[in-house]
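Engineer: With chain A held as given, fit chain B onto it using these hints.
In the order they appear, the protein sequences are chains A and B.
Positions 4 to 462 (this note's numbering) are the ones given, in order, by the first sequence.
Positions 4 to 462 (this note's numbering) are the ones given, in order, by the second sequence.
Please note: incorrect hints may appear among the correct ones.
For chains that are exact copies, the list does not tell them apart, and a pair is met inside one copy or across any two.
Under the rule of at most 30 Å between Cα atoms (straight-line distance), these lysine-lysine pairs were calculated in the DSBU-like manner [to be verified]: (1) 235 <-> 129; (2) 428 <-> 33; (3) 160 <-> 129; (4) 301 <-> 160; (5) 102 <-> 33; (6) 301 <-> 128; (7) 128 <-> 160; (8) 304 <-> 129; (9) 59 <-> 447; (10) 304 <-> 33; (11) 301 <-> 216; (12) 235 <-> 128; (13) 216 <-> 102; (14) 341 <-> 239; (15) 216 <-> 160; (16) 428 <-> 447; (17) 160 <-> 239; (18) 304 <-> 216; (19) 239 <-> 216; (20) 235 <-> 102; (21) 17 <-> 59; (22) 239 <-> 129; (23) 33 <-> 62; (24) 447 <-> 325.
Hint data in this document are derived by calculation from the structure and do not stem from the laboratory.
Number of protein chains: 2
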Amino acid sequence: MNSSHSKIFSSLRKSLPSDEIRLEPALLEKYAGDKWFASRIPDAVALPRSTESVAKLLKFATKNQIPVTPRGAGFGYVGGCVPVQGGIVLSLERMNRIKEIHEDDFVAEVEPGVITQKLQDAVEKKGLFYPPDPASRADCSIGGNIATNAGGPRCLKYGVTRDYVLGLEVVLADGSVVKLGSRTHKNKTGFDFSRLFVGSEGMLGVVTQATLKLIPLPPYRACLAIGFAAMKEAIKTLRTILHTGFLPCALEVADAFTLAAARQRTRSKRLNGCNAHLIVELDGQEASVRREIQILLKVVKSQNPLFIEKGLGPDQCEAIWKIRREFSYSLRDTGLTKLNQDIVVPRGRLEDLFRFTAGLQKKHGFPVACFGHAGDGNIHVNVMVDLDQPDATKRCNAALDELFRQVLDWNGVITGEHGIGLAKKPWWPLATSPAVRELHSRIKRALDPAGILNPGKFV
Amino acid sequence: MNSSHSKIFSSLRKSLPSDEIRLEPALLEKYAGDKWFASRIPDAVALPRSTESVAKLLKFATKNQIPVTPRGAGFGYVGGCVPVQGGIVLSLERMNRIKEIHEDDFVAEVEPGVITQKLQDAVEKKGLFYPPDPASRADCSIGGNIATNAGGPRCLKYGVTRDYVLGLEVVLADGSVVKLGSRTHKNKTGFDFSRLFVGSEGMLGVVTQATLKLIPLPPYRACLAIGFAAMKEAIKTLRTILHTGFLPCALEVADAFTLAAARQRTRSKRLNGCNAHLIVELDGQEASVRREIQILLKVVKSQNPLFIEKGLGPDQCEAIWKIRREFSYSLRDTGLTKLNQDIVVPRGRLEDLFRFTAGLQKKHGFPVACFGHAGDGNIHVNVMVDLDQPDATKRCNAALDELFRQVLDWNGVITGEHGIGLAKKPWWPLATSPAVRELHSRIKRALDPAGILNPGKFV
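If we strip away everything but chain A, and leave its shape as in the complex, we get (with noise of 0.2 Å):
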């Protein structure tokens, strides 16, 4: 840090309260990344503990032209909070109340800062729910879920992050508050805008309060693992369970590479032969859910599947996402880098995806392992490196660069629920138009014309 920007620090910490400002070398470097492995040590961290000690921050960076680049959790997969242009990075770890739980209105009021599963123990316990499950929701914060429109499996039949805020308190980059949407489950004054922030990755305004909808807690749950020989039966089930009527909260896949480094890992000799495996969840009241689970058994039985393992109720549920998790663990295992992407494809493209990135890996020689929310056609494809390898980052990255080719091709999306980030920035291009970008430019001179907020990003 230069003596123009010391001095340009210590006024904007007489304006805050006492160590809100932090310039201490050990702590800028916590927050100099996320997940992704770009990081960016930043010349100051700020912790404000209120909407006005941010709404103070933002108007001061404004006129001194200083970067601030937002922050939730760092539990983002695509270094979308990574300073890349230096200045602030402001973190709202310390605005973590959960102010309010209403039972009937069916709402909650929260700070950025609140850990998304906290939210949905305190929710749980008062018969509501928050369905948003993104996998690190231990970890990551309501204001990052709400930066990336974070999913996760339960979200194809209760939507992501966006479906679930109905209001938020925004802070412009001049430092105006704007609370934007309502506390009602409906609302149709104006344009909606608090909406266009959710997935703005930090770039449009600083989310410092949220007002959530909670639906009713199904009351029960019930799963079923199935193991196939083959992909393509996988999904000729999951196209079936779809067309019997079922819009299961949880669909979710895995191919053969994924399911050989779990074998390795578990030891579990049920996996043998096998090359695909789907994990289908219900939920609802109890009657009908173990009712309904045994229509879906019957449906899966007639698919010729290896095996079928049927979780009745939270915790023999809860089992049978446990070897979903080991899935994860089993790639970290290889010792390799895995570079998950979160492509999505139409649902009818999935059997060409799998053949695709079977294809991918023979070519470019590197393991590619595919799991994820069959359901909405959201894979995550891992691409798995070994980066001490030389050349390793560019070959990986022309096998990502034909990934997402294929994936546009096929009308897919390049990120359904990390984002873009630096990870996917080289592909911004590929994956808009001309108009596309010209009009992100336009609304991001009409919110942030000095251009302080999360620069150096996709826009």
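Structural biologist: Leaving out everything else, chain B in the frame of chain A:
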């Protein structure tokens, strides 16, 4: 129309296919308004057949500063498509093709002029489901539904129009064409623009094609219709249903005035003494729905209703919904003009709302009939006015003003599914903060700097 106008329009006509710009007075008259009472005859009506024509038209209009008011099927309730500043009414009625229904992708590609019910019938034949069900769905169009983010009874469980819009083709004011969103059920590529245009009431761009999400068609449905001596009991029942873990696909209420009018019309003896009425609908797998409706029946019985009627399967359900529709006709039978206000209160305020509207009735001397989507807190408050009475409009506005102030005071909103349009424009400043209005202006200027799109409305 003056001669400079006529020169302008004849130059526009030359650049478009013949008969896409119409100037005949008899035709112009038909495009002066919607279901609300305000109207203004436009200078010209555009009836384009293609995105190309829409693009040419908007480019021309921006260059020549001509107001353009986009229009769906003209079934709005708030005067949203009244061309208050004259110019061109742009009707999308000729762009009415269902271009594709894809059974595996669970996607429909449609032009904006498609009638909502037609799309629903077409997808249901294939075992697919497009849930949003505005009351006018036999007459209104998808484009109009998108412009107003239309809702309906089923939105309690399934969400509103926005939740089914995956992608849009939009012509901006300058004539540029942008393809927003995607064909996938999940997408995190950049800002969520397709959903910003949803509900923007024709002020930010013109939708020329939509990619809609479809879900599996639930194979069965069942209903309960329940009468109560007091609204308090109906609301308590509603609360009990939700807290038993049910999220019904519809939960509709009607109040004492509505029921009195219905008694008058139907001579139903059963409605004697009945001051509140609920309809609850469940859908899903047949065996589950049959079982669940029995559980609901038990829950409801414990609340001391005057009567319960059960409807199993589509025909019996339709018979129950027919009663709901009779409520509307009954109000029409009174000979009074029904001013339908689609306010929303936080769900916990429902009882307060009904108490308040009863008071309003006494104070202002108008009948006030309330019915609607109780599950969402979205109640249609119908102020019944004899417009021939002296000062009727003034007195009516005073009552509405009181209603809207109270609703806002409860953290409710003045419109849940109809939009602001002209009808709610006087209350726009009351319903929004200066910062929110400034945000609307900023975005409007960014997308339509010449201000040609639907001018004279709330932005």
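Engineer: Against this structure, judge whether each hint is valid.
Structural biologist: Quick rundown of the hints versus the structure:
Within a single copy, residue 235 and residue 129 get their C-alpha atoms only as close as 42 Å, which misses the 30 Å cut-off; across copies the closest is 23 Å, which meets it. In the homo-oligomer, the alpha carbons of residue 428 and residue 33 lie at most 30 Å apart inside one protomer (23 Å), although the nearest pairing across protomers, at 50 Å, exceeds that limit. In the homo-oligomer, the alpha carbons of residue 160 and residue 129 lie at most 30 Å apart both inside one protomer (22 Å) and across protomers (20 Å), since each shortest distance falls under that limit. With identical chains, the CA atoms of residue 301 and residue 160 are at most 30 Å apart both within one copy (21 Å) and between copies (27 Å).
Proximity of residue 102 to residue 33 under the C-alpha cut-off of 30 Å is restricted to the intra-copy arrangement: shortest distance 28 Å within a copy versus 52 Å between copies. For the homomeric pair residue 301 and residue 128, the shortest alpha-carbon distance between copies (24 Å) is at most 30 Å, but the shortest distance inside one copy (34 Å) is not. For the homomeric pair residue 128 and residue 160, the shortest alpha-carbon distances inside one copy (22 Å) and between copies (22 Å) are both at most 30 Å. For the homomeric pair residue 304 and residue 129, the shortest alpha-carbon distance between copies (24 Å) is at most 30 Å, but the shortest distance inside one copy (38 Å) is not.
In this assembly of identical chains, the alpha carbons of residue 59 and residue 447 lie at most 30 Å apart whether taken from the same copy (20 Å) or from different copies (27 Å). For the identical chains of this complex, residue 304 and residue 33 are neighbours neither inside a copy (51 Å) nor across copies (59 Å), given an alpha-carbon limit of 30 Å. Proximity of residue 301 and residue 216 under a CA criterion of 30 Å is satisfied inter-copy only: 28 Å between copies versus 36 Å inside one chain copy. With identical chains, the CA atoms of residue 235 and residue 128 are at most 30 Å apart between copies only, with a shortest distance of 26 Å across copies and 41 Å within one.
Taking the closest pair of Cα atoms, residue 216 and residue 102 come within 30 Å of each other only inside a single copy of the chain (14 Å); across copies the shortest separation is 34 Å, beyond that limit. Taking identical chains as interchangeable, the C-alpha atoms of residue 341 and residue 239 lie at most 30 Å apart only when both belong to the same chain, with a minimum of 28 Å there against 52 Å between chains. In this assembly of identical chains, residue 216 and residue 160 lie within 30 Å of each other by CA distance both inside one copy and across copies; the values are 15 Å within and 13 Å between. Taking the shortest Cα distances, residue 428 and residue 447 sit within 30 Å of each other both inside one copy (17 Å) and across copies (28 Å).
Proximity of residue 160 to residue 239 under the C-alpha cut-off of 30 Å is found in both arrangements, the shortest distances being 19 Å within a copy and 28 Å between copies. Taking the shortest Cα distances, residue 304 and residue 216 sit within 30 Å of each other only across copies (29 Å), while inside one copy they are farther apart (38 Å). Taking the shortest Cα distances, residue 239 and residue 216 sit within 30 Å of each other only across copies (21 Å), while inside one copy they are farther apart (35 Å). Within a single copy, residue 235 and residue 102 get their C-alpha atoms only as close as 48 Å, which misses the 30 Å cut-off; across copies the closest is 29 Å, which meets it.
Only within a single protomer do residue 17 and residue 59 lie at most 30 Å apart by alpha-carbon distance; the minimum there is 11 Å, versus 56 Å between protomers. In this homomeric assembly, residue 239 and residue 129 come within 30 Å of each other (Cα to Cα) only across copies, at 17 Å, whereas the closest approach inside a single copy is 39 Å. With identical chains, the CA atoms of residue 33 and residue 62 are at most 30 Å apart within one copy only, with a shortest distance of 25 Å there and 51 Å across copies. In this homomeric assembly, residue 447 and residue 325 never come within 30 Å of each other (Cα to Cα): the closest approach is 42 Å inside a single copy and 49 Å across copies.
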